[in-house]
Amino acid sequence: MKKILIGFLLIAFMMGSIFAQGQQAVPEAETGELKGSIRFVSGETDPEQVEVHKEIVAEFERLHPGVKINFELTGFDDREKKIIADLYAGVPTDVIQVDSESAGLYAQEGILMPLDDLVKDIGEDDFIEGARLVVNDHDYAMPYSGANMMMYVRTDLLEAAGLEIPKTWEELLAAVKVLTKGDTYGIVLPAGQNNATTLWLQVFINQAGGNVFNENLEPTLNTLEVIEALTFYRDLAKYCPPGIASYGYGDVVNAFVSGKVAIAFYQGRIIQRVANDNPEIDKKYELVAYPTKDGLDLQFASCVYYAIGKNCENPELAKAFLKYLTTEDRALRVSMSAPGHMPPVLKSVQVLADTYNNPFVQSHLDKIKFSFQHASNGFNEAVNAGGVKGDYYVRNGIINPYYAYVRQYNVLSKMVQKVVLENQDPAQVAAEGQKELSDIIANNK
Amino acid sequence: MILYNKKFQATFLYIGIAILLFIALFPLLWATICSFKPNSELFSDPFRLLPKKFSIQNYVNLFRGSDFIRYFLNSVFIASFSTIFALVLACLAGYSLTRFKFPGSKLLTKLMLDAYMIPPILLVLPIYLIIVKIGLRDSIFIYALIVMGNTLPFCLWLVNSYYSGISVDYEEAAMVDGATRFMAFYKVVIPQLIPAVVAVGIQAFVLAWNDLLFAQILISSDKNRTLALAISGMFAQDIVYPWGVILAATVVATLPVLIMFVFGVDKLIGGWSEGGIKG
Amino acid sequence: MRQTSSSNQSASIITNGKRKVALGASDRKLGMIMVTPILIFMLALVGFPLVNLLVLSTQKVNFLTKESAFIGLGNFANILRGTFFWESLWKTIVWTIGSLIPSSILGTLIALILNKEFKGRSFVRAFLIFPYLVPTVVVAAIFKYMFNDLIGIINHLLIKIGLLTNPINIFGSPQWAMLGVIVVSIWKFTPMIMIAVLGKLQTIPSQLYDAAKIDGCNGWQSFWHITYPFIASVLMVVMLIRSIWLFNKWDMIFLLTGGGPLDKTATLPLLLYNEAFCSYNLGRASAVGVIMFLLLILLSKGYFKLYEKAQERV
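Protein chains in written order, with numbering that gives the first Met the number 0: chain S, 0 to 444; chain G, 0 to 278; chain W, 0 to 313.
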């Protein structure tokens with residue numbers, strides 16, 4: 000018995016060693032064409048996306064023999080740390096995934112390669128509004144997918160209660176009151192100490208006409224608009240499932256898919272999840288825009304980007320691959336790996352979806368196209384600091400490096416928790432949040 | 000009167016045991032059962048005892064959708080490497096510390112046992128910085144070494160206790176009879192050491208299999224991901240994963256530990272009586 | 000006439016004063032050689048980082064540029080003056096003692112039960128060790144699933160038997176989150192105490208109990224005078240180990256609640272982790288670590304004093 004155990008362990012040891020080997024050397028190409036190798040680091044770890052990226056990498060390598068694209072996936076929460084570590088350590092960084100604020104931050108610090116030629120090549124007009132990342136008049140990252148938040152509404156439940164789709168905050172509140180009965184809840188919001196809650200509150204603050212920071216990058220949490228947003232959150236929370244205090248993105252999705260909540264906010268992923276896990280309600284809901292406050296039509300949309308590190312040793316190859324990856328049918332296939340969840344940022348690619356030969360896509364085309372259209376209609380404060388001006392907003396392009404602290408220290412999500420879980424006074428919570436954020440920024444200078 | 004007491008005691012005993020067994024085993028059983036329900040059933044009919052429709056879809060999705068087998072093998076390699084290495088080092092050192100008196104051996108023993116008190120959470124930050132500086136981040140070998148370092152004090156501590164429990168008289172008798180020290184070790188000590196090695200080995204393996212803290216910090220690429228890291232990522236706050244797949248993953252992750260347990264459970268119990276007390 | 004081995008001179012080991020054989024130089028050397036590998040690894044993987052931690056705790060480090068400036072005890076002052084450290088310390092104590100005491104009592108009771116003869120005893124023993132072997136990630140995932148408000152079985156059952164009217168989310172409730180994580184911790188770690196005590200119980204000679212019965216002792220008396228002294232030493236040791244492990248436990252709480260809600264379950268290890276890897280405040284995180292280390296040394300010194308006292312009693 001002991002022998003079996005030892006044998007087993009030894010075999011495991013050997014197998015593991017085989018797996019743990021590093022990467023192989025790359026053959027040089029003979030022609031004067033593209034050659035060499037680059038790293039392609041992505042954080043899109045969902046199986047469908049991984050599959051599609053692997054295919055695209057293989058295609059590119061076939062088109063350009065002598066080229067090797069080393070496709071790496073990073074950990075879920077780890078992407079930022081790894082990239083920061085590499086960038087500052089001067090490790091040659093080729094094509095990496097970044098989100099908008101980080102990209103802006105790195106661009107300002109001068110560690111990203113400008114991509115003006117790439118953008119011009121694709122055509123500046125092809126980009127949907129708000130997608131390009133321009134710092135000091137240069138493009139520093141290539142967007143590949145939108146990330147926009149919409150409202151999912153169970154029209155069957157609305158109809159049964161004799162309600163219309165809510166278009167304003169007041170209508171939403173009235174609707175969820177009526178819709179919460181039996182074991183159905185009117186709405187689901189996250190209230191865990193996490194990024195989801197932070198984002199949800201940020202959107203409400205912007206919708207109320209306020210900002211988390213002003214144009215001078217100073218926190219402005221102690222304002223009437225923030226108090227209104229917190230109050231709204233608190234009022235809505237009463238009609239949420241009891242567990243929201245530990246909810247994050249996943250739980251919100253699960254709650255809507257379970258059929259037990261009537262309304263939810265999220266990106267497009269729910270379309271596919273409902274079709275897979277609860278086909279009964281597949282035709283019973285609609286995708287619409289967020290309800291608005293006082294006539295300010297503000298929706299949230301952001302983008303995810305690829306950037307190239309300034310010290311990339313093979314920029315020609317990196318840009319060529321990046322262009323291949325983010326245009327035409329490759330971009331469409333990436334987008335369709337999570338239909339509706341990853342709206343394309345190029346108008347030419349969005350149009351391709353109409354004729355995409357996939358039964359799921361075709362049967363849900365209306366919802367998917369709504370998501371596309373909604374993606375070019377949004378505002379993200381993290382890259383437009385202080386852009387909300389009460390009853391209108393401006394995409395001023397002021398990138399806010401301090402927004403990262405809001406997330407790291409969970410400032411906004413804690414404010415939500417205080418108001419929702421402990422029923423603290425929103426005015427006081429807003430004041431405390433303002434102090435906390437100011438202290439954090441001061442301490443970290 | 001006494002008869003009543005005895006019978007009452009017996010039934011009470013059996014009921015108590017049944018309850019305990021239920022509490023101990025239910026979570027894993029429930030996870031297993033639910034993992035064989037299609038994910039939609041987890042939403043539509045979550046509380047059924049048995050699946051309405053038995054399905055392995057979750058497992059299919061699990062293996063198709065990520066490199067789960069790779070994570071599994073990574074963990075197997077790391078845990079095995081760490082356990083064997085730690086055991087060898089600990090057995091060597093334990094023998095020396097309990098049999099030989101060389102200058103500093105007492106101090107060394109005390110220090111190394113005190114190292115047991117040092118929590119991994121303290122070491123993770125300096126180790127992280129050192130590793131990043133050297134640029135050895137995301138190396139599966141380095142990670143395995145560090146995990147091994149974590150289990151070392153514990154292994155040494157236990158192994159030492161066992162060594163103290165093995166009487167030297169037999170060895171001495173053997174050596175007086177003409178055996179070399181090595182032969183004495185081989186013929187006399189090792190047979191007595193084996194149950195200890197198994198017990199310590201199992202606990203060391205479990206410790207390594209479980210590690211999340213160092214994996215989270217030191218491993219970044221997908222190809223080096225460990226099982227613990229993969230599963231924690233599935234239900235971390237910012238992720239969207241269907242419960243069915245998560246539960247399937249937990250079942251798969253628990254299997255090796257179950258196997259070890261079947262092999263060595265009696266050694267585990269025996270071990271503590273001799274080992275643990277010597278403190 | 001017995002020949003002594005020629006290669007080694009015989010070893011000197013003190014064995015209960017029975018036989019002493021001389022220690023040879025080559026044995027001494029061998030001893031040092033055998034210890035060297037482990038020493039190297041311990042120094043590299045434990046000793047050196049610890050020193051590094053001490054050094055870091057006196058500095059202010061910029062994570063991005065890796066520049067560091069010496070600020071003496073500044074970090075410590077910052078921490079000890081603020082409230083978040085002390086609150087976290089309190090939570091750590093609550094967590095440790097809240098898990099330790101029930102675990103120990105439960106573990107001992109179960110061990111006593113399992114010490115009796117009954118059919119299928121070895122099976123039951125084996126199965127009850129289960130929770131201890133299940134990986135922490137798995138435990139966290141399963142318990143999170145079971146405690147889920149919409150599809151979790153525990154809420155469902157509690158409502159069915161009438162203990163609850165509405166489902167609650169224990170890991171999201173500011174009042175009950177700590178209880179929730181403690182319950183999971185008790186589930187997972189009680190078997191460890193059970194094994195330890197059971198092992199010792201099996202070494203108690205049954206004649207003692209027979210003698211006691213003849214003398215007219217009842218169950219409680221034979222427990223107190225025979226059983227307890229034997230297991231006391233094991234209990235003390237295992238409780239010390241458990242309290243150290245609990246004090247330092249990071250992954251269990253992190254996975255279940257992330258430290259929330261509202262930091263209600265943010266024990267010291269989580270504080271350290273957050274400071275280091277979320278706020279990138281490495282100097283301060285290290286200082287927290289150093290304080291934790293000192294506390295642990297105090298804890299174990301105090302424990303050993305108690306242990307010695309208990310030994311004297313026996």
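Where hints are given, some of them may not hold.
Said to hold, decoys possible - Derived pair list, reagent style DSS-like, types lysine-lysine, alpha-carbon separation capped at 27 Å:
(1) Lys434(S) x Lys159(W)
(2) Lys283(S) x Lys51(G)
(3) Lys180(S) x Lys282(S)
(4) Lys119(S) x Lys366(S)
(5) Lys259(S) x Lys180(S)
(6) Lys322(S) x Lys34(S)
(7) Lys322(S) x Lys388(S)
(8) Lys28(W) x Lys186(G)
(9) Lys166(S) x Lys309(S)
(10) Lys166(S) x Lys34(S)
(11) Lys109(G) x Lys283(S)
(12) Lys366(S) x Lys282(S)
(13) Lys237(S) x Lys159(W)
(14) Lys115(W) x Lys5(G)
(15) Lys283(S) x Lys180(S)
(16) Lys434(S) x Lys59(W)
(17) Lys34(S) x Lys309(S)
(18) Lys212(W) x Lys5(G)
(19) Lys304(W) x Lys109(G)
(20) Lys5(G) x Lys263(W)
(21) Lys132(G) x Lys222(G)
(22) Lys52(G) x Lys259(S)
(23) Lys53(S) x Lys222(G)
Because the hints were derived from the structure by calculation, they are not lab data.
Hint by hint, here is what the structure shows:
Annotation: proposed proximity of Lys434(S) to Lys159(W) is violated, straight-line Cα distance about 46 Å (limit 27 Å). Restraint check: the Cα-Cα separation between Lys283(S) and Lys51(G) comes to about 25 Å, which is no more than 27 Å; the hinted pair holds. Our distance criterion of 27 Å between C-alpha atoms is met by Lys180(S) and Lys282(S), whose separation comes to about 22 Å. Between Lys119(S) and Lys366(S), the direct Cα distance comes to roughly 31 Å. Violation of the 27 Å bound is thereby established for this hinted pair.
Distance restraint check for Lys259(S) and Lys180(S): the Cα-Cα separation of roughly 10 Å lies within the 27 Å cut-off, and the hinted pair is therefore satisfied. Proposed proximity of Lys322(S) and Lys34(S) is supported: the alpha carbons are some 16 Å apart, at most 27 Å. Distance restraint check for Lys322(S) and Lys388(S): the Cα-Cα separation of roughly 37 Å exceeds the 27 Å cut-off, and the hinted pair is therefore not satisfied. Using a Cα cut-off of 27 Å, the hinted pair Lys28(W) and Lys186(G) holds, with the two alpha carbons roughly 22 Å apart.
Annotation: proposed proximity of Lys166(S) to Lys309(S) is violated, straight-line Cα distance about 46 Å (limit 27 Å). Under the criterion of a C-alpha separation no larger than 27 Å, the hint pairing Lys166(S) with Lys34(S) is inconsistent with the structure, at around 54 Å. Of the supplied pair hints, the one linking Lys109(G) and Lys283(S) is violated, its CA atoms being roughly 69 Å apart against a limit of 27 Å. Restraint check for Lys366(S) and Lys282(S): the C-alpha separation of about 11 Å stays at or below 27 Å, so the hint holds.
Using a Cα cut-off of 27 Å, the hinted pair Lys237(S) and Lys159(W) holds, with the two alpha carbons roughly 24 Å apart. With a C-alpha separation of about 13 Å, the suggested pairing of Lys115(W) with Lys5(G) holds against the 27 Å cut-off. As the CA atoms of Lys283(S) and Lys180(S) are separated by approximately 18 Å, the hinted pair is consistent with the 27 Å bound. Between the alpha carbons of Lys434(S) and Lys59(W) the distance comes to roughly 23 Å, so the proposed pair stays at or under 27 Å and holds.
About 19 Å separates the Cα atoms of Lys34(S) and Lys309(S), which keeps this hinted pair within 27 Å; it holds. Under the criterion of a C-alpha separation no larger than 27 Å, the hint pairing Lys212(W) with Lys5(G) is consistent with the structure, at around 15 Å. The hinted pair formed by Lys304(W) and Lys109(G) meets the criterion: a straight-line CA distance of about 16 Å does not exceed 27 Å. Note on Lys5(G) and Lys263(W): the hinted pairing is violated, with a Cα-Cα distance of about 47 Å set against a maximum of 27 Å.
Taking the CA atoms of Lys132(G) and Lys222(G), the gap is near 22 Å; set against the 27 Å cutoff, the hint holds. Taken as a hint, the Lys52(G) and Lys259(S) pair is honoured in the structure, with Cα atoms around 22 Å apart against an allowance of 27 Å. Pair hint Lys53(S) plus Lys222(G) holds up; C-alpha atoms about 14 Å apart against a cutoff of 27 Å.
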